[in-house]
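Residues 1 to 921 in full-length UniProt numbering are what the sequence shown spells out, letter by letter.
No wet-lab data here; the hints were simulated from the structure.
The reader is advised that the hints may include incorrect statements.
[Said to hold, decoys possible] Below, in silico cross-link-like pairs of lysine-lysine (DSSO-like), each with a Cα-Cα straight-line distance of 30 Å or less: (1) Lys122 <-> Lys304; (2) Lys385 <-> Lys577; (3) Lys267 <-> Lys233; (4) Lys717 <-> Lys789.
In this text, all values refer to a predicted model and were calculated from it rather than measured experimentally.
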Amino acid sequence: MITAIKHNIKNHQTNIQNLFVTAMLILAFTLANFPSKALAYAQPTTAQIEQFKKLPPAQQEALAKQMGVDINSLKGHVSAGGSGKQVGNTKSFPRGTQFDAEGNPITDFQEELTDKDNDELKPFGYDVFANAPQTFAPMMDIAIPAEYIIGPGDKISVQIFGKDREELELTVNREGQIVFPSHGPFTVSGLSFNEMKRLLTARIKEKVIGIDVVVGIASLRSMRVFVLGDAFKPGPYTLSSLSSITHAIFAAGGISDIGSLRNIQLKRAGKLVSTFDLYDLLIDGDSSGDELLQSGDVVFIAPKGNTISVEGEVRRPAIYELTENANFADVLAMAGGLLPTAFAKTTRVERYNQDALRTVMNINLTKVSDLVKQAQAGDAVHVMKAAEMFEQSITVIGAVTRPGKYQWQTGQRITDIFPNIDSHLLHSADLNYSLIIREIDIARNIEVLQFDLANAISSPNSKDNIVLQGNDKVLVFANVIKLIDSKISLDSLAFTQENLFKKEQELAKAKFKQKQFWLKYGDKDQIAQLDNEAAAAAKLVEKSIAQFSGGDLEDELDVRELTLFSRQRLLMPIIEKLKRQGKSGQPIQLVEADGEVKFPGVYPLARNARVNDLIAAAGGLTESAYVVRAEVTRNQIVNHMAQQTSMAVSLSAALAGDVKDNILLRSKDRINIHQIPAWSENNVVELRGEFVFPGKYTIRRGESLADLIIKAGGFTKFAHQEGSVFTRVQLREIEQQNLLKLTADLRTEMASKSMSDQNYSQSYDDVQKMLADMENVQPIGRLVLDLPKVVNQSNYDVLLENGDVLYVPTMKNSINVVGQVQVTSSHIYDVNLSAKDYLAQSGGSKKRADDDRIYIIAANGSIKMMDSGNWFSSDAGDNLRPGDTIVVPLDAEYMNNLALWTSVTSIIYNSAVAIAAISGI
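Construct the entire structure; sequences and hints are all you get.
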């Protein structure tokens, strides 16, 4: 680049002056593009700057354009280099910043450094000066101190008002004089700024009567100083004559990692002038030691002295440099003092002993005797955090409007925390069952107190309005168990039809945006969760009164599906605590409710709890509960032997408060609430398709399918009874379990094949697609039956169960061909055609087909496996019926002889046929 510029200079050289100015431009261009410490050496001289300034502006711009240099940038560097007008705002960048070829900072590198060092304990104060300067332009937007010493290079501004009006800028020459055109020379070098002002004002007024004189400094001279020792970039630097020790340190990029902040020496003419402790400036704001520099001064940074690290609960954790005889009070002051969370009484100090082994000592930073102890080099002070335990507080947890910590006061009761229901409890709060968890000893063992929140609020004088103690935890449960249930209330429907429609639109948009986000970022679990939430909400809206009143709650719910304040969530840590608390002589304080209660399960045994308390804990009785009799099972130790006894109690009497039946409960008691004999929920069975009266029917226990068909008016004349599909909930669940097991077995077999069989050819993507197909199969729960036989033969009838569905499709006079055929298709049923004929009409088998295992899925779901001898005979059409499906399976050899593959394909085809039959209704 320099060669090209020189060549350009030669082409445009006209005289010695232009050559000189162009050389100066090259220097300025170099300064503008290479931010290295060479900048300190390559400043243009005053004479060069003056020569450039004498050129006309047009010629300056032409030369700059000719050299490809920005005229504004060039003027800035020129004015910063000498005693002309000086710019402020020195650009600086954090230490470690890298620059590109054009001098621009590379910020990503610094971000990596910051992330890397974020958690490290850093030396104090170094980051303040750790800036790599881009230019060393001195600051000029500051006031000139009165004691500033005038010297050669300073430019003095003199303004004369009155009879004569004159404005001058005079430079102090090498002889220390300024020369007035009309008054001659005045010696000002060595004078302070104030002394110079008084001298010039007096002398000029002596020579000219009736004038006022204003004297100032137009621009300051520059000077060269040395920053040596352990500076980041030691060397000579050209600075403003108003620069101090800290300016020089900034110019040198700060102090290196091994340099001292507490021993910075100012040397002048080989003698030590002063020593500056930067801690005075950084900690106390004392700049009295930051002396102004003179030309030729040396700022020497000595090596770092002894250090001590302070971390933990202090305001300014860091590594500090020690002075001689520093004590822990000094160290604590350097660290900014303790945080309010500090546990000062036991502060750990790690120290090296005389044998160079680490030892630990504890000091109390609240005691003067420990604070005055001397700190030693290499000490590591750890100020630990105080305990996060609250003292004398009340914690409110659960379905309340303002949960959290509350101040405890003597005599405080439940109603002091919950004065009323509306403003202090959520609408889902269970008002009949709440708990107080109380610590009873120094080991923090707990006991449980149960109370009726509604009774406590409505009757403040009742026993339920318990007196609280310090550190009690009050739990208020929700009366719903599923999260989706807690989101629906009548209040949410208190809008006009238009407003409800808008709310549904907003909800749909929000769900759509969430789904698009997760689709973009590829989180299938989140997408599935959103779909499940939508499906759950739809199911909830579609529930009938019969389903709501049945009292059926899922026993095993995913934790994410539980409402935040359900019994299962809030009681989990309490039950675990009580389990750990139990030991010999102290039985586990847990009881269990089972049977016809709303929330069966294990519950904490509250103090003095009785049968009615446990029933309240379990959410109360269901509609089908048998209140005449319940069974209490008790386990106890008699003569060092475990013994189990059963007691019958009357629930109605116990709930009425009869002491005889409302017995006190003991550890591990279990109450079983029976169902009313012959109780039956509204069992519903659905008939779909070609019935005279299709729909949902409530059945009685023991009712048969044939009876229900008669009740529905029988079939229409278009019914295809042989193609019926009968599904059952219980079978669907079994089928789902079998699918999961088969998928797991197939995954294991494929993994085993890939590891043991060198000829295994299935790719990873093929395997994953195959397993995904298995996971996507929807279980039908089909019970294969011959419907005409059910209707006509009483001994072949089926007893109905809740949730059964019978699909009877319209007559279909077709045969389906699926699997490994050229074209999967359906054909008109012809009694004269054989399976071979239908296969031929579908293009025949593929190369991968297993022709020896072709089978038929009959319209009613049964599977026919026929001998190959009569499979393709001319009278084979007798084996086919309308609605049947011919399946040509895949040869297992193409699936690396996977033994389970035949079962997999069979399940997939059977499900597909059943779904197709149902979808066609």
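30 Å Cα cutoff - pair Lys267, Lys233: holds (18 Å)
Between the alpha carbons of Lys385 and Lys577, is the straight-line distance 30 Å or under? It holds: about 26 Å lies between the C-alpha atoms, which stays within 30 Å.
Proposed proximity, Lys304 with Lys122 (alpha carbon, max 30 Å): The given pair, whose Cα atoms are some 14 Å apart, holds under the 30 Å limit.
Is Lys717 close enough to Lys789, meaning Cα to Cα at most 30 Å? holds (17 Å)
The structure agrees with every numbered hint stated previously.
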